[in-house]
Amino acid sequence: MIKMIMPFSLIIMWEVLAIYINNPILLPKVEDVIYVLSHPLTNILGTGSLIDNTVVSIKRVLSGFILASTVAVPLGIFMGYSKIIYDLFDTVIELLRPIPPLAWVPLSLVWFGLSESSMIFIIFIGAFFPILINTIAGVRGVPNALVEMALTLGAKKRDILLKIIIPASSPSILTGLRVGAGIAWMCVVAAEMLPSSNSGLGYLIMYAYSLSRMDVVIACMIIIGLIGIVLDNGLRYIENKYFIWRKMMK
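So for the sequence shown, the UniProt record's numbering puts the first residue at 1; every next one is plus one.
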C-alpha cells in the first residue's frame, strides 16, 4: 500500500498542473493519456495500434538482449576464470565499454543499412557490457576456498567450472541480465528513432511529438515503464526463487 502513495501523488500533481497550464501540447491531462491507453487496438496516427507497436519493440529488445546474453555470459565466464583470456580481451573491452550505444549509430547504419539489424545492433551494444562486467565480477568473486576444496577432492577443471564457478556466480550473472535488460529498453527507444524505423514505441514517440500529440508520447512512455517493471520483476522472481541461499549467507 505504501508503494502506491508516491505514484498516486504524482498523478494528482500531474492532473492539477495540467489543468493549471491548460495546454495539452505542454502537458496533457491524465484522462487524455488514459484514453489512449484504454484503446490499445485503435490505429494511432496511421502508425498502427499501441499493441502493434509494443509487440514490434518487444521483439527488437528480445532479439538484441538474447544475442547480447549469448555472447556476454560465456565470454564473461571465461574471462573471469582464465587470466590469459582476461588479459587478451580486457584492453579492448575497457576501450569500448565507455562508448555510449548512440555513438554507434553512424557505424550501425553504414554496416547494416536501413534495416532491423541496425536497431538490434544498438540494443546489443547497450545490453552487452553490463552483462559481461557482472559475469566477470561474479566469477572472480567465487571464494577460492571452494575451488581449493574441490581440487583437494580430485575435481577436474571442467568440473570446477561447471559445478562450482558457474552456479556460484549465477546471482551476479542474473544481476547483469537485469541491468542489461533495462538498458536494452532504453536503447530500443533511441534505435527506433533512426531513419530505418517506421514502427515501434520509439518511432511512435517521435512521430507523435512531430504532430504535438503529447498524450500519445506519454502513453508510450508509460507502456515502456510498465514493460520494464514486468521484465525486471520476472528476473527478480527467478533470483528470489533459485538463489535464496545467497541472501541467507549475508
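Hint data in this document are derived by calculation from the structure and do not stem from the laboratory. Built from N, CA and C at the ideal position, the CB exists for glycine as well. Some hints here could point you the wrong way.
[To be verified] With a Cα cut of at most 25 Å, we get these calculated PhoX-like pairs of lysine-lysine:
1) K156 - K59
2) K83 - K29
3) K83 - K163
[As the list claims (entries may be wrong)] Just the calculated beta-carbon pair ranges, DEER-fashion:
4) A137 - L41: 14 to 22 Å
5) Y209 - E94: 35 to 43 Å
6) S38 - M13: 36 to 44 Å
7) V92 - V55: 33 to 41 Å
Practice task
Go through the numbered hints given earlier and state which of them the structure violates, listing their numbers in rising order.
Solution key: Checked against the structure, the hints that fail are numbers 1, 2, 4 and 6, while the rest are satisfied.
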